[in-house]
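Participant: Sequence:
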Amino acid sequence: MKMGKSRSNVLFLKSLEKRLARRHVPQALAEAEGLLVHFGDVDRLSFFTGDRALTKRARKKVEGALRARSKGVPFAHLLGETEFYGRHFQVTKDVLIPRPETELLVEEALKVLESVASPKVLDVGTGSGCIAVSLAMERPDCKVTALDSSAKALRATRHNIRSYHLGRRIRLLKSDLFGRLSGKERHFWDVIVSNPPYVPAEDFPTLSKEVLSEPRLALDGGPKGLSVIRRILSEAPLFLKPGGWLLMEIGKGQSNVLREEIEEREVFLGVRFVKDYAGIERVLAVRRQEKSL
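In short: position in the sequence shown from 1, add 136, done, that's the working numbering.
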């Protein structure tokens, strides 16, 4: 009997995978398994060993999720969560879905923090809070302030902070970039991290329905995608300690113009870019001059 259940389950999984693949869904098999586990109310081991067959009700729920996914609803929105840096985060329609590329930003921040004891980190445009939480979890001596201009986004941030019991170590503040920081927080931060909106406004007509389902506020970087990035580059030196680091995620093709602009201003000590898995210069790393501004 178990073999019968197992075969039935596997055939259903294969059917889901094929239907997702026909609609050009990336990682169709992984997403099919994810839909089954989440909506089928069955763990992966029981599903494949045949210890538990899917009920008709569970199959209907899975089929409904499949239809929504086929129409462009993001996988993370269907599940209400996603994985980032080895941890699970709640994801709502009010926050940007964390991407694997952003893990590079966390890695670079951890590298520059290696020589800093009890660091103070500022996360600008925190969204889901995945960067702030990851840094706080990886560095137990780290204190983080996370900023976002969206009250709805901060609800998701707060949930994720509580999930990892970090309420005493991560401070949340509703703020348009640095606007709500106090005067005492000038020249205060060891590291400022940000995954700002950097999609060029002129590219929006070409974006997929799936991407457009995410909050435009978290995506739209204005002309050439550089408006918010430039604001951060302009204002961050006022809040960084001398020798402090600014780390930002940027978009494809933006590194050359940013390099030129940064070198012209002579506020930062050089500029470095970290390439992502596709060879795109994805993370901008600059260090503030030691001298007073």
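Hints are not guaranteed to be accurate.
With a cut-off of at most 20 Å between alpha-carbon atoms, the simulated SDA-like pairs for lysine to any residue come out as follows [as the list claims (entries may be wrong)]:
no.	residue 1	residue 2
1	Lys207	Glu217
2	Lys388	Lys310
3	Lys197	Leu165
4	Lys310	Lys247
5	Lys154	Ala166
6	Lys256	Glu371
7	Lys345	Leu355
8	Lys229	Val403
9	Lys196	Lys229
10	Lys345	Val364
11	Lys411	Gln425
12	Lys192	Glu217
13	Lys388	Asp356
14	Lys388	Arg366
15	Lys154	Glu199
Quick caveat, the hints were computed from the structure, so don't treat them as lab data.
Participant: Given the hinted pair Lys345 and Val364, is their Cα-Cα distance within 20 Å?
Facilitator: 23 Å, violated
Participant: Decide if the proposed pair is consistent with the structure: Lys196 and Lys229, CA atoms, cutoff 20 Å inclusive.
Facilitator: Given pair Lys196, Lys229 is violated - Cα atoms ~24 Å apart, limit 20 Å.
Participant: Hint check: Lys310 vs Lys247, CA-CA at most 20 Å. Holds or violated?
Facilitator: Status violated; Cα separation ~28 Å.
Participant: Just to be careful, I want the Cα atoms of Lys229 and Val403 compared with a cutoff of 20 Å; is the pair within it?
Facilitator: 37 Å, violated
Participant: When you check the alpha-carbon spacing of Lys154 and Ala166, does it fall within 20 Å?
Facilitator: 12 Å, holds
Participant: Need the status of pair Lys207, Glu217: alpha-carbon distance at most 20 Å?
Facilitator: 19 Å, holds
Participant: Given the hinted pair Lys345 and Leu355, is their Cα-Cα distance within 20 Å?
Facilitator: At roughly 13 Å apart (the allowed maximum being 20 Å), Leu355 and Lys345 satisfy the hint.
Participant: Verify the proposed pairing of Lys388 with Arg366, using a straight-line Cα cut of 20 Å.
Facilitator: Distance of about 16 Å is within 20 Å: holds.
Participant: Please work out if Lys411 and Gln425 have their alpha carbons no farther apart than 20 Å.
Facilitator: 24 Å, violated
Participant: Against the 20 Å threshold, does the CA-CA distance of Lys256 and Glu371 hold or violate the hint?
Facilitator: Distance ~17 Å between Lys256 and Glu371 Cα, so the pair holds.
Participant: Given the proposed pairing of Lys197 with Leu165, does the C-alpha separation stay at or below 20 Å?
Facilitator: 18 Å, holds
Participant: For a C-alpha distance cap of 20 Å, please report whether Lys388 and Asp356 respect it.
Facilitator: With Cα atoms ~14 Å apart, Lys388 and Asp356 stay inside 20 Å; holds.
Figure legend: structure checked against the earlier numbered hints; hints not met, in rising order: 2, 4, 8, 9, 10, 11, 12.
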